[in-house]
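Engineer: One-letter residues, chain by chain:
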Amino acid sequence: MEYGEFFKYLAVMALVTYLIRMIPYVAFRKKITNKFVSSFLYYIPYAVLGAMTFPAIFFSTASLIPAVCGCIVALILAWFEKGLLTVAVCASAAAFVFGLIF
Amino acid sequence: MNETKNGLRDGIPICLGYFSVAFAFGIFCVNSGLSPLQATLISMTNVTSAGQLAAVPIMTNAGTFIELALAQLVINLRYALMSISISQKLDSTMTTPHRLIVSFMNTDEIFAVASGHGSSVGTRYMYGLILTPFIGWSLGTMVGAVAGNILPAAMSDALGIAIYGMFIAIIIPVAKKNMVVMKVILTAVLLSCLFAFVPGLNKVSSGFVIIICAVVSASIFAAIAPVEN
Numbered sequence: 001m002e003y004g005e006f007f008k009y010l011a012v013m014a015l016v017t018y019l020i021r022m023i024p025y026v027a028f029r030k031k032i033t034n035k036f037v038s039s040f041l042y043y044i045p046y047a048v049l050g051a052m053t054f055p056a057i058f059f060s061t062a063s064l065i066p067a068v069c070g071c072i073v074a075l076i077l078a079w080f081e082k083g084l085l086t087v088a089v090c091a092s093a094a095a096f097v098f099g100l101i102f
Numbered sequence: 001m002n003e004t005k006n007g008l009r010d011g012i013p014i015c016l017g018y019f020s021v022a023f024a025f026g027i028f029c030v031n032s033g034l035s036p037l038q039a040t041l042i043s044m045t046n047v048t049s050a051g052q053l054a055a056v057p058i059m060t061n062a063g064t065f066i067e068l069a070l071a072q073l074v075i076n077l078r079y080a081l082m083s084i085s086i087s088q089k090l091d092s093t094m095t096t097p098h099r100l101i102v103s104f105m106n107t108d109e110i111f112a113v114a115s116g117h118g119s120s121v122g123t124r125y126m127y128g129l130i131l132t133p134f135i136g137w138s139l140g141t142m143v144g145a146v147a148g149n150i151l152p153a154a155m156s157d158a159l160g161i162a163i164y165g166m167f168i169a170i171i172i173p174v175a176k177k178n179m180v181v182m183k184v185i186l187t188a189v190l191l192s193c194l195f196a197f198v199p200g201l202n203k204v205s206s207g208f209v210i211i212i213c214a215v216v217s218a219s220i221f222a223a224i225a226p227v228e229n
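Order-wise, the sequence lines are chains R and L. Per my numbering: the first sequence = residues 1 to 102. Per my numbering: the second sequence = residues 1 to 229.
By construction, these hints were calculated from the structure, which means they are not laboratory data. A quick note: this is a predicted structure, and the numbers were derived from the prediction, not measured. Even for Gly, the Cβ is constructed at its ideal location relative to N, Cα and C. Do not take every clue at face value.
As the list claims (entries may be wrong) - Result set (DMTMM-like, lysine to aspartate or glutamate): computed pairs, CA atoms no more than 25 Å apart in a straight line:
{"no.": "1", "chain 1": "R", "residue 1": "K82", "chain 2": "L", "residue 2": "E109"}
{"no.": "2", "chain 1": "R", "residue 1": "K8", "chain 2": "L", "residue 2": "E109"}
{"no.": "3", "chain 1": "R", "residue 1": "K82", "chain 2": "L", "residue 2": "E67"}
{"no.": "4", "chain 1": "L", "residue 1": "K176", "chain 2": "L", "residue 2": "D91"}
{"no.": "5", "chain 1": "R", "residue 1": "K35", "chain 2": "L", "residue 2": "E228"}
{"no.": "6", "chain 1": "L", "residue 1": "K89", "chain 2": "L", "residue 2": "E228"}
{"no.": "7", "chain 1": "L", "residue 1": "K176", "chain 2": "L", "residue 2": "E228"}
{"no.": "8", "chain 1": "L", "residue 1": "K177", "chain 2": "R", "residue 2": "E81"}
{"no.": "9", "chain 1": "L", "residue 1": "K89", "chain 2": "L", "residue 2": "D108"}
{"no.": "10", "chain 1": "R", "residue 1": "K35", "chain 2": "L", "residue 2": "D108"}
{"no.": "11", "chain 1": "L", "residue 1": "K177", "chain 2": "L", "residue 2": "D91"}
{"no.": "12", "chain 1": "L", "residue 1": "K203", "chain 2": "L", "residue 2": "D91"}
{"no.": "13", "chain 1": "R", "residue 1": "K82", "chain 2": "L", "residue 2": "E3"}
{"no.": "14", "chain 1": "L", "residue 1": "K183", "chain 2": "R", "residue 2": "E5"}
{"no.": "15", "chain 1": "L", "residue 1": "K183", "chain 2": "L", "residue 2": "E228"}
{"no.": "16", "chain 1": "L", "residue 1": "K89", "chain 2": "L", "residue 2": "D10"}
{"no.": "17", "chain 1": "L", "residue 1": "K176", "chain 2": "R", "residue 2": "E81"}
{"no.": "18", "chain 1": "L", "residue 1": "K176", "chain 2": "L", "residue 2": "E67"}
{"no.": "19", "chain 1": "L", "residue 1": "K5", "chain 2": "L", "residue 2": "D108"}
{"no.": "20", "chain 1": "L", "residue 1": "K5", "chain 2": "L", "residue 2": "D91"}
{"no.": "21", "chain 1": "L", "residue 1": "K203", "chain 2": "R", "residue 2": "E5"}
{"no.": "22", "chain 1": "L", "residue 1": "K89", "chain 2": "L", "residue 2": "E3"}
As the list claims (entries may be wrong) - Covered stretches of chain R (in silico footprint by chain L; criterion: 3 or more residues with CB under 8 Å from a CB of chain L, positions within the stretch not fixed):
{"no.": "23", "stretch": "9-16"}
{"no.": "24", "stretch": "37-44"}
{"no.": "25", "stretch": "50-60"}
{"no.": "26", "stretch": "64-72"}
{"no.": "27", "stretch": "77-89"}
Sequences and hints are given; from them, build the entire structure.
Structural biologist: Printed below as a string of structure tokens:
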């Protein structure tokens, strides 16, 4: 990608991300009491990660079957509450092994 | 001095986890048409896995700046909540200049560890904690972006799933214990699948799809099943 354009995107992205983190860190001293707002903020990460993961995970490897296998492995390990690193590595390993077969 | 050491110790596992996920992100960037330097710069200035992953297709498909900014806003909104929460725990050493620096590294994992550390946290602990994860995230991206071209295709393909594996590891344990969170996720997934497969809807670009799915799902359940306390 051409660098001039790239730096514009980079600036927008980095600035928005930093402001979201920094403003409440520096300014906030009180707790949010509005029930809808606090619930919305509580649910949003799960909704974001769910929408980002599915169906994109099925197209994250060269073909469908290894991706489905990797996904199933990740779901099972996550259900048994294994750590982030374990789940990510095992999903990749499963996708790799099934990628060699299919 | 001791608190710095404690912070460094607590940061090491995060650093290792970040290195491997960032490695996969580096490969993803290069496969999407970014240079290794561009990939590394994204990681060094953002430090947000989900946000960065969503940003790359927006950049490479010449999406608008508004789309990019809105996508980052929605995807990273959770950090605002975490910043609010952690701000209540900072001790008197955390003056405004320190907050300006430390808040840059307020990631899910840093937040989780800092929240679990004693009754309050100060500058020494926080700087110790954020140092190695920042290095792991940046270096991992660089190594992945450079080595992604050297690795056999079968291996770099398989690593494409790593970030999604990490996302699953974050959401499933919570969904298992909280049925509303499970419904929030399933609703967002259903919407996201509609946008992926229904003709017409599949023309909507990736950043907006995430925004719409997440905001609709979280709003529905915030209205009908708000979190208690």
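Engineer: Confirm or reject each hint.
Structural biologist: Going through the hints against the structure:
no. : hint            : in the structure
1   : R:K82 - L:E109  : holds (15 Å)
2   : R:K8 - L:E109   : violated (28 Å)
3   : R:K82 - L:E67   : violated (35 Å)
4   : L:K176 - L:D91  : violated (35 Å)
5   : R:K35 - L:E228  : holds (8 Å)
6   : L:K89 - L:E228  : holds (22 Å)
7   : L:K176 - L:E228 : holds (18 Å)
8   : L:K177 - R:E81  : holds (11 Å)
9   : L:K89 - L:D108  : holds (16 Å)
10  : R:K35 - L:D108  : holds (23 Å)
11  : L:K177 - L:D91  : violated (33 Å)
12  : L:K203 - L:D91  : violated (49 Å)
13  : R:K82 - L:E3    : violated (28 Å)
14  : L:K183 - R:E5   : violated (39 Å)
15  : L:K183 - L:E228 : holds (16 Å)
16  : L:K89 - L:D10   : holds (17 Å)
17  : L:K176 - R:E81  : holds (10 Å)
18  : L:K176 - L:E67  : violated (33 Å)
19  : L:K5 - L:D108   : holds (21 Å)
20  : L:K5 - L:D91    : holds (18 Å)
21  : L:K203 - R:E5   : holds (23 Å)
22  : L:K89 - L:E3    : holds (15 Å)
23  : 9-16            : holds (count 6)
24  : 37-44           : holds (count 8)
25  : 50-60           : holds (count 9)
26  : 64-72           : holds (count 4)
27  : 77-89           : holds (count 12)
Hints 2, 3, 4, 11, 12, 13, 14, 18, counting from the list given before, are not met by this structure.
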